[in-house]
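Undergrad: The chain contents come next:
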Amino acid sequence: MNFRKNASLLVGLAIPLVLIIAVIVSIYIPRLTNKPPHYNFLYTSNNYYPSNVRFKVQQGKLIREELPLDPSYPQPIKDSLAITEPTFFLHDVTRNESREISFAEAQQLKLDPNRESPDGYSLQQGSNNGVFPFFYNGPYGVSWFLTGHTTSHKMNVKQTTDYGGVELLGWVIP
Amino acid sequence: MNKQELLESIKQLSHDNQLSRDELIAAYEEGQGMSTITTPSGRRFALTDILYYLGGVIVALGLIVLIAQNWSYLTTATQLLVTLGAGIAAYSIGVLFSQGQHESRLANPFFLISGLILPLGIGIAFHKAGYNTSTSLNQSLIALLLFAVYAASTFFFRKTIFTIFTFIFGTFLFFSFTSYLAVGSPFLLEWNFWPYRILAVGASYLLLGHYLSHTTQRRLSGVLYSLGSLAFFGAALWLGGWKPEQNMLWEGLFPLLVCGGIGLSIYLKSRSILIFSSLFLVGYILKITSEYFSDTIGWSVSLVIVGLSLIFTGYLTFYLNKKYLSLTATQNT
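Quick note, the sequences are listed as chains A and B, same order.
This note's numbering numbers the first residue of the first sequence as 1 and each following residue consecutively.
This note's numbering numbers the first residue of the second sequence as 1 and each following residue consecutively.
With the rest of the complex left out, here is chain A (with noise of 0.2 Å):
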């Protein structure tokens, strides 16, 4: 092939090409260099509890705070207000995999209520949507991945529901 009569044809399809192996090495490499990341964390999903009950860390443990219902909601709003409680998951970073516990084993847990962990790593929702929309064939997918030091790494996080969404409430200090 003559180089200098197809150059443009050969650039031209160089330059996706190019881009996609520069994708693939900006995501890859840092993952060999870096320490992958191995604090457990705890989370929840189906948030819907009401919204007068909270989870939140205190001094390393997980606590329930239930405040007083607004005194200006009618009375049969606050009797159809059911406590649901949310599901409680630990997540193995290792093994990559969730598993569903209580609230009182959560409580046993240290937790670091940090956006970031120890390690440098944050929980991230990531999408694995394609790019034509003609193709729906929803729900639309929503993976979850942990973030930090310019890589990411997938983590399989069990939801009771597509729609819950994951609040994180904190890493699990050994």
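Just so you know, the hints here were simulated from the structure itself, not pulled from any lab data.
Idealized CB from N, CA, C, for every residue including glycine.
Treat the hints with care, as some may be off.
[Said to hold, decoys possible] Here's a subset of chain A near chain B, in silico, CB distances under 8 Å, partners left out:
| no. | residue |
| --- | --- |
| 1 | Asn6 |
| 2 | Gly12 |
| 3 | Val23 |
| 4 | Ser152 |
Chain A is already provided as a structure; the job is to place chain B on it using the hints.
TA: For chain B alone, coordinates are given in the frame of chain A:
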């Protein structure tokens, strides 16, 4: 020149990719007194071709509406038959017609129907096989399949219609696959991944348009120059951002890129690159004025500056078009 010499010349021109089958047929039809239309690129486009393609689009639309209206009444087998089956049938009919000496142009509308229906058919086949067709991985597989079919068809049949679909499905494959890669890396989504991808596609289209301008498919180069300019300059402007989250590097680089585009339009003798470069220069002037000067010198003075800049850009475009492109505009648009 006698007939034998003429045929030898045609062979030589065809070998050098200087003469396409369509051009040869158009010249023959013109000699026979058949109706032709001269497009802005100078190519003679038979009226029958327009009817063929229009018919192809109407058939494809009809099939899509038929499927959409009766989706819930159709069994899985019927859904596949009217989409994938119809796409494959249209492609096969096109292949049969392309073998014939007189019916080869009739093949194009059937190839057009197949190109419009096959993505739907393959998507439905994936869906029925239990694959979630909304994920970027499965869309990449669908795009790869379509791209492979049409790239191979371009190679074997050397038809413009296949080249068009190869570009469409190749672009679809590029965006789907890079989206699939980005799934494993959410930080790429924060990193202006879309405009960078569009920028790459724009640059690629411009270069491939230049390559095609030297082949028998040179009439596609004008379309590629237009789409490439639109994508490239649009993405570059997008990367510049907006105050206070602007990207100074891209904002500073943009006028150089546009000037490069104007220079390129003269080199390639492409009016579409000149027009898009000028339009984006106007857009950039408006953007920069409203971003940085409307608060300091006021809107009234800004409007005067913008107006003068537009007059200057308009005159520059007119001058360059008249001096460098008008005489050769018939080559590429």
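Undergrad: The structure should be examined with respect to each hint, and the outcome stated for every one.
TA: To see whether the hints hold, each was checked on the structure:
For Asn6 (chain A), the suggested interface contact is upheld, since its CB lies about 7 Å from the closest CB of chain B, less than 8 Å. Hint status for Gly12 (chain A): holds, given a least beta-carbon distance of 3 Å to chain B, under 8 Å. With its C-beta approaching chain B no nearer than about 5 Å, Val23 (chain A) sits inside the 8 Å limit, and its interface hint holds. Taking 8 Å as the C-beta cut-off, the interface hint given for Ser152 (chain A) holds, the closest approach to chain B being about 5 Å.
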